[in-house]
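Protein chains in written order, with this note's numbering: chain A, 1 to 354; chain B, 1 to 354; chain C, 1 to 354; chain D, 1 to 354; chain E, 1 to 354.
Check the hints yourself; a few may be wrong.
Just so you know, same-sequence chains aren't split out, so a pair can sit in one copy or run between any two.
[Claimed, not checked] Each computed DMTMM-like pair below joins lysine to aspartate or glutamate, with the alpha-carbon atoms no more than 25 Å apart: (1) 219 / 35; (2) 98 / 234; (3) 79 / 257; (4) 219 / 197; (5) 219 / 281; (6) 120 / 293; (7) 243 / 325; (8) 120 / 35; (9) 98 / 40; (10) 296 / 194; (11) 79 / 101; (12) 98 / 274; (13) 296 / 122; (14) 243 / 201; (15) 219 / 159; (16) 98 / 65; (17) 98 / 50.
Derived from the structure by calculation, the hints contain no laboratory data. None of the values given here were measured: they were computed from a predicted structure.
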Amino acid sequence: MPPPGSSPGIETHELSARTSTDAPIRVTCADYCPEQMQIEQVTNLNNFLDQHRPAWSMVRWIQIEGLSQMEAIRAFAEKYQLHPLAIEDMLIASHQPKLEDYPGSDEMPGRLFIVGRMVKMDGDMLSSEQVSLFLGRSTLLSFQDSTSSAFESIYHRIELPGSRLRTHDVSFLLHALIDAIVDSYFPALESYAECLEELDDELRIHPAPNSLQRIHVVKRNLVLLRRAIWPMRELISQLQRDKHECLSETTLTYFRDLYDHCAQIIDLLETYREIAAALTETYMAVVSNRMNEIMKVLTVFMTIFGPLSFLAGVFGMNMPIPGNEWAGTFPVFWIVCIAVVCAMLVLFRRRGWL
Amino acid sequence: MPPPGSSPGIETHELSARTSTDAPIRVTCADYCPEQMQIEQVTNLNNFLDQHRPAWSMVRWIQIEGLSQMEAIRAFAEKYQLHPLAIEDMLIASHQPKLEDYPGSDEMPGRLFIVGRMVKMDGDMLSSEQVSLFLGRSTLLSFQDSTSSAFESIYHRIELPGSRLRTHDVSFLLHALIDAIVDSYFPALESYAECLEELDDELRIHPAPNSLQRIHVVKRNLVLLRRAIWPMRELISQLQRDKHECLSETTLTYFRDLYDHCAQIIDLLETYREIAAALTETYMAVVSNRMNEIMKVLTVFMTIFGPLSFLAGVFGMNMPIPGNEWAGTFPVFWIVCIAVVCAMLVLFRRRGWL
Amino acid sequence: MPPPGSSPGIETHELSARTSTDAPIRVTCADYCPEQMQIEQVTNLNNFLDQHRPAWSMVRWIQIEGLSQMEAIRAFAEKYQLHPLAIEDMLIASHQPKLEDYPGSDEMPGRLFIVGRMVKMDGDMLSSEQVSLFLGRSTLLSFQDSTSSAFESIYHRIELPGSRLRTHDVSFLLHALIDAIVDSYFPALESYAECLEELDDELRIHPAPNSLQRIHVVKRNLVLLRRAIWPMRELISQLQRDKHECLSETTLTYFRDLYDHCAQIIDLLETYREIAAALTETYMAVVSNRMNEIMKVLTVFMTIFGPLSFLAGVFGMNMPIPGNEWAGTFPVFWIVCIAVVCAMLVLFRRRGWL
Amino acid sequence: MPPPGSSPGIETHELSARTSTDAPIRVTCADYCPEQMQIEQVTNLNNFLDQHRPAWSMVRWIQIEGLSQMEAIRAFAEKYQLHPLAIEDMLIASHQPKLEDYPGSDEMPGRLFIVGRMVKMDGDMLSSEQVSLFLGRSTLLSFQDSTSSAFESIYHRIELPGSRLRTHDVSFLLHALIDAIVDSYFPALESYAECLEELDDELRIHPAPNSLQRIHVVKRNLVLLRRAIWPMRELISQLQRDKHECLSETTLTYFRDLYDHCAQIIDLLETYREIAAALTETYMAVVSNRMNEIMKVLTVFMTIFGPLSFLAGVFGMNMPIPGNEWAGTFPVFWIVCIAVVCAMLVLFRRRGWL
Amino acid sequence: MPPPGSSPGIETHELSARTSTDAPIRVTCADYCPEQMQIEQVTNLNNFLDQHRPAWSMVRWIQIEGLSQMEAIRAFAEKYQLHPLAIEDMLIASHQPKLEDYPGSDEMPGRLFIVGRMVKMDGDMLSSEQVSLFLGRSTLLSFQDSTSSAFESIYHRIELPGSRLRTHDVSFLLHALIDAIVDSYFPALESYAECLEELDDELRIHPAPNSLQRIHVVKRNLVLLRRAIWPMRELISQLQRDKHECLSETTLTYFRDLYDHCAQIIDLLETYREIAAALTETYMAVVSNRMNEIMKVLTVFMTIFGPLSFLAGVFGMNMPIPGNEWAGTFPVFWIVCIAVVCAMLVLFRRRGWL
């Protein structure tokens, strides 16, 4: 975070002053029209930015993976005249999904700036990554911090002649990217569904001391997912409502479908949260039942030895006790003791205490 | 679910690539007008789709039960030009109720696509099934995954000359189908009402250890029902509000009645959820009361034997104790013991501890 | 409830097929204008319906008490052309308050259909009854299932020359009826207020085991009242908003007053619900305090006899113990014991454990 | 409350039939314009009402304290033609703040009817009083049930030449009255803030058994205040929104300030309610900690005497025990006992149980 | 607070009557345009207010730190004709963020009055300070109660030629100040995030008795922050919506960015509150687990000595007991005792009670 009171946004010329790291950066450029397509791995960035796109290209998608080299970011920011506030949001990369429509001035065309949040499960760890999209009239820029294979299938769809993606405009490509981002939530959800089921079984059979801890972790992650998907849904509904010039009518129909996906994810999240809440309750009930069970049996145990010890004490008194001379008193004493124990056990069981 | 990043919707030509199963498929076609009607079990699907409908038919309803044979789905999708997104929603069949109005192009007429969710109780098990409806100007297609008898009474109403259904247009048939779907919730609700009443009695008389578990199951199912009926109500209110060209004015009046049914179901669901919540509380109170009762009585028991054992111990001491030689000490000791016990019992009872 | 899939509403000709019972039905007809009025107990229904109303009558109110004789219902339904959906809602009579404005066709005038829910306390039992009202331009029909004296004071007001009711139109009569329905909630509320106060006293002095049960019953009934009064308020606000042709401007002012009454009832209901919730909390605290008190005193008791029994045991050991031969050891032993008990009691009291 | 079904509102002629009491009634009349002012204690009400106001008077405020003499109420109701519903609301005086704009007929000018609720702390008791205001074009009537000094400072401001109140119209006087009513909440709030702080200290040092009871009382009173201030805020926002003809533009700016005061009060109320909720939690935690502490120490105590008593019992057995003849066994026994006790205390302390 | 019923607002002439203190007051004046700038520490206030601003100055910002000298406040209030209500809000300084647009009369230009609330962490103590801003067409006044370094970086940005702040109008300066106020929440949030993490670790390892207290403090402070940031967000959204004449189009874009910051802060606050709630739950679970553990082990301990003491008592009885003469009985007795203990320990462990 920049310190309080500092200037908002990052101007293009300030970019050079920021520290770059050696982390690799991968730039992929895809050009396509219904008849032709070309996907290129950019190696020399300056050459690439100096050239014009091929005349046949109706849609150009430049995917930048890696935000570590400030000179590269600056080159894109200058070429495509990105807004300083958008550059800041893109680089700090801890934003929830949002949509900004920066107004264009005369020579600077207005661009739709969209922040999405992709989700990945590494074992039990939930990680999320910001994807920043800039939509122009025929160009889409996408920025991510790390390389990932999430958009690979989209390249396949571009390569396929006659596919719906290939035959539509750049807003359909935007839909494809956001669709991939939204779909990335489903595997995470499935993994938590399994986790909750496991916990449910575990609680019933043998509640471990860390069960509650694990339920809490699941709950917290579900909340994180919910925090990200709600503004995502809001964003999609805003895209439908505001009817930006770059969005074609056909794409809007598809965004409605995407809106439904988000609603479905939210629905699942709510269901899982309620299940997690019910699990917490069950855990509490199981633990308290167990404790009560133990205390009950032990107390019964102690109660039985109260009268017995008293009886033994009585016959240990140093006063003349009738029968204390008779040799049969000892077995009789034991019979009485066993009878008392049996009577008490029967009584306890009858009242449901055992 | 399709993998993330894959193309949205299912194109007609993609249907053939999906795996079909041997599960049977039943197609029923009903044509009617006020004067005439005909209900036919379709055996040869291709012949049927090639023929035109009879000239007198004002409303045609084709009911497809079974979604396993992709060639049949494809035939309907091509003949009635269903939207790829609608086909996907229909086949995946895990959607909550929703309403889509896919715009028609020149030669492809726009169709209203409605997803409903029917509910069935098999013993204690709650199952639900998606019903997908496509409404055209005089045709209604309904798709379900399995054969069911839920719509049988609608055929009877079609067969009855002069019935309100027979004399109205296709939107009234839509109302009849959605009405049947909504009415399917009432038997489930009644079964849960009974279940809650049973649990209430059980809790009061003899709370079983799995009572809480059973309350949780009821709660979870009530939540599932609520998840399905809320969008159902939303859908009906949307139908009333948006005034689609296929919906006649008379039908809208009837949809208002249907909206009331949904409101009634939601009202009942809320009541049952509150009862279930109160039952959980009661269970907790009953269990804790029981436990406290046991602990209290047992502790009283142990308390009584404390002084008695002490007394016996005193007279067992090996020091000169006055009266230890007298033969009457033993009965006197017992009298004292009984007096102590009685005094303590009276004291405990007076303080309300027994 | 009719089975799922059956035809919505009850057509006039279907009424005859429904089973009638012998339960009596009472029909009262009141005609009035500022100058004249006449209240008649109808004995011959057919004659009555065939005759025209007197020419001077500006407002006619027909009150039907008893919904058991289908032929009578059919006669009214035909004469006043009631909508099939309204007839169903009237006969099933388990609806929450609602308002329907069924559109009239050429020869069938549109009527406002209003469902109200009246409340009655029989001892501790809360019962409610549906009142169905049909408002025309100068006629009001009211249907109830049982005879009740709730509307008697309205007849008195009709009989009083110059009263506000007598000098206004039929919509003012509607207001009077709904006012009576809303006012029927106040006695029930008062009875629950008293009940909560009693419970509050009881809890503080001697919490009975069924106190919680009784609080739950009050809570549940408050929820039932709330379920009925919320749509009632909604209904009244809808009447004000929609400005139906049958409602005069003056009446609307009075409906605003009625709306305030509903708001007041809701306010009271919320207050009582919070009091009930606080009572539950108090009950829990009182019970747990009591339990803790008992456990504490008993445990202190047991703790005291631990050292005493040990001491007695020591002097019962069969080893040479100094002083065991001296006759004064016994009184000394007792003095030591009493000293130990006193010391412990002082210690416990000082730490606040007694 | 009038019985259900009775006529709404109280007509002017019905007032005489209501029972008057001997309780005194005080009528004060203030007339003022920027240049002149006159405050008069009215003794002969009929004379006063018959006279016209002085020609120079731009604002007249008549304050009626005491609602017990029906003839006086009737005189005002007739002179200022108050609406029957407003008279009822004024006399029953148990209403939450509200605003009514009764429409005027030709000869009866429309008046704004405002109900406010003033708050007073008598020691720990919270009491509230309804203030009913009728606003005309240049006249303000205020009715209260008892005499109070709350509006005294307003008379001072009227007496002060050049004060903002004196130089503005009647709506500014309305603002001054409502401002005084709203400001009456602050002392009550402060008293509860202190009360909560005291309770907080008390809970930490020595939680009394009635602490919970006292927290409940504070909570309930905070709820009562909240019930009154919410509609007050609503009322003020309605005054701003509806722009009644009697309200000048300048006054509206001041009402915005008043709205802020209400918002501030609500904010404080919410803060106090959360503090009260946290106190309840703290009380529960403190009580349960205390109980646990007691049980723990006592149980440790008892545990120590278990082995000791056993040891003493062993050496009391009537069998040949080695060392039982040696005189040194007794001191050795005591040493062993003390060693066992020490070992156990160390163990308990090390595990954190003491 | 002024007493109830007193005049609203503080008139300029009333200021002199208020008590001034000796607390220092610092006035800084910054004038700038794209080409030139001048920052001046004002020492002679009267001289300063009498002079006109330099002709080149496009934006003038006067920062007043210290509200203790009433004559200085009066001088500003008269020169810039501040509204009495605004002066009151500024001096009482306990307001939540708000926005007022006081209408200007002919010679008195309308000014936007904005109240912000800045936040500071002093160790664990959270303090907040009101910042009052008056925005004119080219002048901005800012009032604070104490001197702080929060706005220092803004002076640096003014000094920097060509900075975005320098080249824009006064509304951009307003944005810079509100931005600094909003950014002041982030360090506080971070400090609470760390605090919660520490508490989380502490709870797991060794829950201190005051842990709950500390969680409560964090919770309460989070609520305070939330109380201040919500109206802040509302204020910013109002600025965007109402399009006041003093706000340029470019600034509005930047305010949208600021709105996002607020949303982010609220998002974090909600996350932390949920974490704090989970911590409370964890604390409760840990404490109760610990208690149960202790009680369990101790009860097991006592249970073992029940049978042993009984056995010892039996062999202490004064009746003929077989084997009591044999010298090997004593070791056999001990073997039996050890066997009983071992058997019980095994049993307990097997049932999971140890």
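Of the numbered hints stated previously, which ones are contradicted by the structure, given in increasing order? The structure breaks hints 1, 6, 7, 8, 9, 10, 13, 14, 15 and 17; every other hint is satisfied.
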